[in-house]
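Chains as they are written, first to last, in the UniProt record's numbering: chain A, 1 to 174; chain B, 1 to 425.
Keep in mind the hints are simulated off the structure, nothing from the lab. Everything numeric in this text was worked out from a predicted model, so none of it was measured. Virtual Cβ for every residue (Gly too), placed ideally from N, Cα, C.
Derived CB-CB ranges, DEER-like: (1) Arg134(A) x Ala244(B): 17 to 23 angstroms; (2) Lys418(B) x Met161(A): 36 to 42 angstroms; (3) Lys285(B) x Asp158(A): 54 to 60 angstroms; (4) Leu17(A) x Glu185(B): 42 to 48 angstroms; (5) Leu17(A) x Glu223(B): 28 to 34 angstroms; (6) Gly277(B) x Lys108(A): 35 to 41 angstroms; (7) Pro307(B) x Thr121(A): 21 to 27 angstroms; (8) Lys108(A) x Lys285(B): 42 to 48 angstroms; (9) Thr69(A) x Ala122(B): 24 to 30 angstroms; (10) Asp385(B) x Pro6(A): 47 to 53 angstroms; (11) Lys108(A) x Asp53(B): 53 to 59 angstroms; (12) Asp84(A) x Leu127(B): 32 to 38 angstroms; (13) Asp411(B) x Gln14(A): 15 to 21 angstroms; (14) Arg48(B) x Asn131(A): 55 to 61 angstroms.
Covered stretches of chain A (chain B as the covering partner; in silico rule of three or more C-beta atoms under 8 angstroms from a C-beta of chain B): (15) 28-40; (16) 43-55; (17) 84-95.
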Amino acid sequence: MEGWDPNTKSTLTQIPLLTIKAGPRDGAAWTQRLKEEYKALIAYTQMNKSNDNDWFRISAANPEGTRWTGKCWYVHNLLKYEFDLQFDIPVTYPTTAPELELPQIDGKTQKMYRGGKICLTVHFKPLWAKNCPRFGIAHALCLGLAPWLAAEIPILVDSGMIKHKDDATTSTDS
Amino acid sequence: MEEELKEVLKELNSLKQSFTDPSHRAPIDKIQLHVERIANLGNSGVRRSKVKDMSAEVVDSNPYSRLMALQRMGIVENYERIRDFSVAIVGVGGVGSVAAEMLTRCGIGRLLLYDYDKVELANMNRLFFRPEQVNMTKTDAAVQTLSDINPDVVLESYTLNITTVQGFDTFVSSLKNKSFRPNKEGSGVDLVLSCVDNYEARMAVNQGCNELNQTWMESGVSEDAVSGHIQLLIPGETACFACAPPLVVASGVDERTLKREGVCAASLPTTMGVIAGLLVQNTLKFLLNFGLVSPYLGYNSLKDFFPTMEMKPNPQCSNGACMERQKEYLILKPARDAAAKAKMEAETSLVVEAPLHLDNEWSISVVDESELDKVDAKTSDALPDGLIRELPSADDYQTQPNEASASSNIDDLEDLRKQLEALNG
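Extracted from the complex, chain B is given alone in its bound form (with noise of 0.2 angstroms):
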C-alpha cells in the first residue's frame, strides 16, 4: 500500500507541475494532503524510541510508569534491576512466546530465544503469533514483535534443535556468553526458562543446566490442555529434571493395535496463558527478589486445583552432573548453615528480648531438631544381631554397574563400520 501511495503523490506532483494557474493547484494540494494523512495511517509503525533510564514518573508517555509503581506499593525495591537481567527461552511456543512478550514489557534486559520450529495456522489457537507470520521462523516472528513492544530488551534468536549435539553446542556456549554483563558470576544469564514440548528438549535442558549450575524452571501444559505446570530447578538443591523420571507404562501395544487417532495434541490459549503467567510471575520474584518462589507449582483447570510441593534431589540419579552438583551443595552446607544462623540471629536481635510466656506450667522446653534426627538415624540404623540388609542402603549406591563392559573393545570401529557397510551393499 505504500509504494501506491507514493505513486499517487507523484502523479499528483507532476500534475500539480502542469498547471500553470495558481487557483487550480489549490485542490491538488488539498488532495496531496489527504494521501499524504492516509500513508501515515497505514505507517503505524511509530516505533517508540528506546529509554535510557527507566522513569517512575506517571505520564500517559512513559512505558515503565505501572512497573516503577511496583516499587512505590513496596513490592519491589528495585525494579530497574530488571535491565541486568537476561533469561533464555527455550521453545518459543505457546508458553514460551507469551512468557518472552510478558518479560519484554516488563523491561527486561536480554532475552534468548531457541527454537526451530516455523509459524503454521495450526498455531492460531494460541497467543501472541500472527497469521501474517506464518512461514516464518518462530524466532524471527518473535524478534520482529518483540522488538515493536520493547526496543529497550537486547534480543538474541538461535533457530536450532538443542537436542542435536550442534544445536546442544551452541545452546550452552550461548548460555555461557558474558558479554551483556562481564561481572557477572557464573553464566551469562539469570535463568533459563523452559518452554518445549517434548521429554527430549527437556532432558537438553537439564543437561546443559547441570553442567553449567545454572537455575531453570521448567514450565510444561498437559497433551489433553487442561492441566500444566511449572518447576524450579537449582542444580544440587532441589531435584533435576532427570532426579524422578516420569513414570512410564508400558500399555502393552503391538503394531496391530497402534492408535490411529494421531500425534496431534490439544491445547487451549487459556491454559497456555496461565503457565506463561505463572511462569513469568515466578521469574519476576525469583529475578526481584520478593514473595516466595514456588518451587513446583500444578494447575488443574477441571477442579481449579494449584498443588505445591518441594522435591528433594535424588541421590541416585542417573545424570553424572546433577550428582556433581549435589556432592558440591553438600560440601557447601556448614558455610549456609552459618550465614542462616547469622541472619536470624541479626533479625532476632532487632526483636525486644522478652520471655514468650510468663509461666511454663507443663515444664515445656525447645530441644534443637538437628540433635533429634542424629539420635533417631542411629537407633533406627542398628539391627539385632545376626541380621543384615539385602539392599544397599540408598547414600551408599555409587558403584556403577558398566564394569563388566571392557571386555567389548577388541573390535576395532573402522573394521565394525566396514562389516556393516559390506552388510549394506
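Chain A on its own, in the form it takes in the complex (with noise of 0.2 angstroms):
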C-alpha cells in the first residue's frame, strides 16, 4: 500500500473488513456476506458524508444481491460529472472482484475494457487478492474506482472526450 495518498489509507482503514468467504451460490453464507457488505457500504458512505466526501450513491439491483446499480461523481475545476455506475457480483467472488462498469464512457478512454469496465488489473487486482475475503464492494468503490476517477476524469474533461451537462451543475446529489 505504500504510495496510496495519506487520505485513501486512513479512509480505508475506517471501513469494516469482511470476513465470510461466500459468493452468490453459496445459500445461507451469502446473505451473511451480503450483510457485511452492506455494514461496510453504510459505515464508508457515513465517513464520506461527514467527511464532505459524498461521491457516489450505490444499491443493489436484485433480492439475491448480485446486482448492483448507482451513480458515481467526480469534482474537476469545480464542475461537477457524474456516471451511471453498475457491476455484477461475479460466481467466483469473492476471489475475484467485481467488475466495476461506467457505461456512458465506454470507449472514451484506453483505459477501459468493452461494456465500460474501468481497468483495475494494475492498481488495485492485487491488493484484492492479497485480501481476499476481507475486502467488499465499498473496498472495491475506495480502492477500485475513486483512483480510476481521480486519473482518468481530468484528462478526459480536459481532451473534450466528456463535456459537462450545465444544466446539471446545481444539486443533483439531493
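From the two separate chains plus the hints, produce the assembled complex.
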C-alpha cells in the first residue's frame, strides 16, 4: 500500500473489514456476506458524508444482491461530472473482484474494457487478491473506482472527450 | 449481386418474348447463359452435404481421407470415434476461434461455443474472423463460418458472460446436457477448452469444471504476445486453477502514477495460432488416445523454449470443490494402483522371462520405492524431545478461519438495505 496517499489510506482503515468468504451461489453464507457488505457500505457512505466527500450512490438492483446499480461523480475544476455505475457480483466472488462498469463513457478511454468496465488490473486487483475475503464492495469503490476517476476524469475532460452537462451543475445529489 | 442478376434474367426473358422472329432469340439465349454462369460464380456457397460415415477412401471429394489415413499410419487406432466427442470452447477469440476451426476440420462430433463479445476490426490481426463479420457476435460469426466448413459438426452457441450468476448457470447446465450422447458417463462433454483472456473467466471455468468433475484444458497468451501456455486440468488429480494462485505483485501505485499507456494488450496471429495448435493437438491426443498428453506446455517465442512440467493439487486449495475432488481421488487410489499393477503385469507377462543381467558382481538389488517413502516419512517427522513445530503440517491444515463471524448476524438484511437506501436518499 505504499504509494497511496494518506487520505485514501486513513479512509480505508475505517471501512469495516469483511470476514465471510461466500459468493452468490453459497446460499445462507452469501446472505451473511451480503449483510457485511451492507455494513461496510453504510459505514463508508456515512464517513464520506461526514467528511464532505460524498461521491457515490449504490444499491442492490435485485433481491439476491448479485447486481448493483447507482451513480458516482467527480468534481473537476469546480464542475461535477456524474456517471451511471453498475456491476455484477461474479460467481467466483470474493476470490475475483467485481468488474465496475461506467457504461456512459464506454469507448472514450483506453483504460477501459468493453462494456465500460474500468481497468483495475494494475492498481487494484493485486490488493483485492491479497485481502480476500476481507475486502468487499466498499473497498472496491474506495481503492478501485475512486483512484480511477481521479486519474481519468481530468484527462477526459481536458481532452474534450466528456463534456459537462451545464444544467446538472445545480444539486443532483439531494 | 444475386438480386441484380435475377432482374437482368427477368428482363432478358421478357425481351425474348417480345421478339417473334426466332433468329433474334439466339443471341439473347447466349446472353442469358452468360448471366446464369456469372450468377453461379457469385453464388459460391456450394455447401457440401453431410457425410454419414467417415470413409478412408482416397478421393478428392472425401473431406476425411487425410484424417482417416492416421489410422493407416498407425497413429490413431480408431479415428472415427472423434464423431462421438463433444468439446466446449469458452472464449471464441484469437485462440478459441482457431481451435474451433481446427476441431471442425477434424470432424469433431459437437462443439459448444461461449462468448459475449462482438467481432471488431481490431480483431483482424488474428485468424478466423473476416472483416464482413464486424459487429456480429463472435458466436454467430463462428457458427456461420464453421457450419460452412464442415456441416457434419453439431454446433451450439451461447452468447453469454460466464462470470455472471445467470451466465454461469447456463454454462454449467449446457455442459451437463447429455442429449448428444445419452449413455456417456459424467457430464455431456468430453473436454472443456478455456480460451479466455482474463482471470475472472478462468476462475469461473475452474469453478464449473471442479464442481462437475470435468477435465479441461486452459490456454493463454501473454499480454506482450510473445509467449503462451496450455495446461491440462483433471479435478482432484492435477492442480486446479485456484491451487496455485497467480503471483500478484502490488506495484505500489497511486492515482497520480496510474499508467496512461492504456489497457490494450498486444497480440500476434502467429503466437495465437501456435497456442491454438498446441491446445488442439493436446485435445486430439487426449480424446483419441495417442501419444503423451502434456500436463503443461509453455511456449516462449523469443527463445523458442517449450518448458513442460506437472503440478499436483494443493492440499490447502481455497476452492471447496477442488478439495472435494482431491478427497475422492485419494479414496480411489488403491483401486487405481491395483489397476495399474494388473496392467503392468499383463504387459510383463508378454515379455519373455529371462534374467536381465547374467551376473551381479556388486549385489545390486531393486527396493520397492513405496516402502522407502514410508520409512523416510517416519524418520523425518520425528523431532527430538522438547521440540514442537510452530506451523501445522500441511495435511492437517483444515480449519477454516471463518468461525469468528457468527456474531455479526444480529441485523436483518432488509434493515441494512433500508439503512443504505436512507443514506442514498
